[in-house]
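Protein sequences appear in the order of chains A and B.
According to my numbering, the first sequence is numbered sequentially starting from 103.
According to my numbering, the second sequence is numbered sequentially starting from 103.
It is worth saying that the hints were derived from the structure and are not from the lab.
Honestly, I wouldn't trust all of these hints.
Identical copies look the same in the list; a pair holds intra-copy or inter-copy alike.
Below 30 Å or equal to it, Euclidean Cα-Cα: the simulated BS3-like pairs (lysine-lysine) are [what the hints assert, rightly or not]:
#1 Lys239 <-> Lys121
#2 Lys167 <-> Lys239
#3 Lys147 <-> Lys409
Just so it is clear, the structure is predicted and the values come from calculations on it, not from any experiment.
Number of protein chains: 2
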Amino acid sequence: MKRLQMFGLLNRDMEALEKELYRSVQGDDALLEETSLHLLKAGGKRLRPVFVLMGGKFGRYDLDKLKRVAIPLELIHSASLVHDDVIDDADTRRGEPTVKAKWGDKIAMYTGDYIYAKALGITAELPNPRIHQILSKAMVEMSVGEMEQIRDFFNSEQSVRHYLRRIRRKTALLIAISCQLGALAAEAPTEAARLLYSYGYNVGMAFQIRDDLLDLSGTEKQIGKPPGSDMRQGNITLPVIYTLQDSRLRSQLLEELELIRSGRATVGRAIDLILSGEGISRSEELASRYINKALHVLDQLPSNRTKGNLREIAYFVTGRAY
Amino acid sequence: MKRLQMFGLLNRDMEALEKELYRSVQGDDALLEETSLHLLKAGGKRLRPVFVLMGGKFGRYDLDKLKRVAIPLELIHSASLVHDDVIDDADTRRGEPTVKAKWGDKIAMYTGDYIYAKALGITAELPNPRIHQILSKAMVEMSVGEMEQIRDFFNSEQSVRHYLRRIRRKTALLIAISCQLGALAAEAPTEAARLLYSYGYNVGMAFQIRDDLLDLSGTEKQIGKPPGSDMRQGNITLPVIYTLQDSRLRSQLLEELELIRSGRATVGRAIDLILSGEGISRSEELASRYINKALHVLDQLPSNRTKGNLREIAYFVTGRAY
Chain A
103 MKRLQMFGLL NRDMEALEKE LYRSVQGDDA LLEETSLHLL KAGGKRLRPV FVLMGGKFGR
163 YDLDKLKRVA IPLELIHSAS LVHDDVIDDA DTRRGEPTVK AKWGDKIAMY TGDYIYAKAL
223 GITAELPNPR IHQILSKAMV EMSVGEMEQI RDFFNSEQSV RHYLRRIRRK TALLIAISCQ
283 LGALAAEAPT EAARLLYSYG YNVGMAFQIR DDLLDLSGTE KQIGKPPGSD MRQGNITLPV
343 IYTLQDSRLR SQLLEELELI RSGRATVGRA IDLILSGEGI SRSEELASRY INKALHVLDQ
403 LPSNRTKGNL REIAYFVTGR AY
Chain B
103 MKRLQMFGLL NRDMEALEKE LYRSVQGDDA LLEETSLHLL KAGGKRLRPV FVLMGGKFGR
163 YDLDKLKRVA IPLELIHSAS LVHDDVIDDA DTRRGEPTVK AKWGDKIAMY TGDYIYAKAL
223 GITAELPNPR IHQILSKAMV EMSVGEMEQI RDFFNSEQSV RHYLRRIRRK TALLIAISCQ
283 LGALAAEAPT EAARLLYSYG YNVGMAFQIR DDLLDLSGTE KQIGKPPGSD MRQGNITLPV
343 IYTLQDSRLR SQLLEELELI RSGRATVGRA IDLILSGEGI SRSEELASRY INKALHVLDQ
403 LPSNRTKGNL REIAYFVTGR AY
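So that you can see chain A by itself, here it is in the shape it has in the complex (with noise of 0.2 Å):
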């Protein structure tokens, strides 16, 4: 899970920052220490500080300003997920047990609680209101998805533009902001900023529909939990609502879905009418045209070795073994 660490351009940095990510959840408390860093140690591509590094490229690239961006945005990615995994009962994430099932509902909340507050602790050390307003616009965007997403369990009425609208709320927003912020804070002109906000985006949306691709079609070595967790926990991802469309197999999964509902069956059927349809490929597709707008964005920008590797990960986002 480390292969975004690639670039040697910015090994080093992101070594420190990694350091410093462990830091910034230390010293206050032992317990929220412990939970903190139970999750931080578990790994994770860091993608959100991969992306504000490469935005400071575009700019005055300073390490201190950006790391002031770079981990509370880490920080809120993994508060998101600590508090995701007591609404998805979920057990494990990367591969470890998650804080909720370690220690329970309650200590998960406040440890995501008290992670948020950490990040906003750092952001708050950074003179520009812009950043803190982006910021904040884009933690209740957040919460705004993850409520949307807890009311839409189990609905199959749902339309694709409204798991789109959830999963621009979920992921793809902060991937965008951590390309701007990190811009904004290495004072990139306003063009940049833009553009690599939507580069972000676009590689976010394409990100987020891999990771629900490969919930259905990864093994749990390669997801690091078992496959179907969406589906069993009701979140109907594109390409359930894709295989939902079509006439030969929506009735099909509809009653599988209804006895995953009721706990009456598990996923394993489900999975094979999704993969014996087209489900999985018109999602690939789709996720490859919000690749392809990242690229093409990716070529309005000043070329420096930065925008490179930007396009490296666009690819790499593609190439998500599945």
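Once you've looked at the hints, dock chain B against the given chain A.
Leaving out everything else, chain B in the frame of chain A:
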């Protein structure tokens, strides 16, 4: 519960603030709006906004600036209540069903996250980074305090000092910074802001001790929830600690606490034991000491009409019916 809106000076501003408080959680998502407004409209004393406005009277009073501090503080307090009610399994608050009771733990968790995020969105408009730093630090302390509370559930060995440290984090700090941030937002002299912080800290300590007393000696009608709720959930408060120090009552109370913990007894007999000893009067005495400190601090502030109001609030906290 609207007794703190007693100061003619602030009534109009507090009404404007109340409306803006409701507006602050509207327009993002129908369900989040409903769950957030459910708590806000159930009332509350708006102690933190009142203190912000009063703090502002020691500088250049500007409602427009002050509300950007007052509303976030009330929102942060409200969000913490929503999360606390999940932890405490509380069914009623302010005489109404809790968000947790009405919508369940998961929706309550995201409602809290949402309200926190909205709070930050409003402070983000303020250019003074010091205010952000103070606010985020208080949020960290609050989550540490809440974690301590979970860890200390049914811990009958905790000391008075331990209890005081916890309520400092859980309550007093947020009230202290309400006074301080009001002063800072109004660009009051540093010394006034420092004194106001100290006043708020002492009033906050007294307030929480009184609140904990009320939980044991109030009626359900007075406190908006069944008496003994704290003890039922394992929250060992000051009168309990003092009673455990009384050799005539200690072993009986320990026995009752164990029965309550294991669900074999209600809190009735434990309350009777506490009321029979000196736990209540000793707690009242300590609360009074904090109030006296608060009044002493006030003496050092420049004389104005607000100073009289702050004195009245201190007396009001002292005189809470129980």
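Tell me, in ascending order, the numbers of any earlier hints that this structure violates. The structure conflicts with no hint, since it agrees with every one listed earlier.
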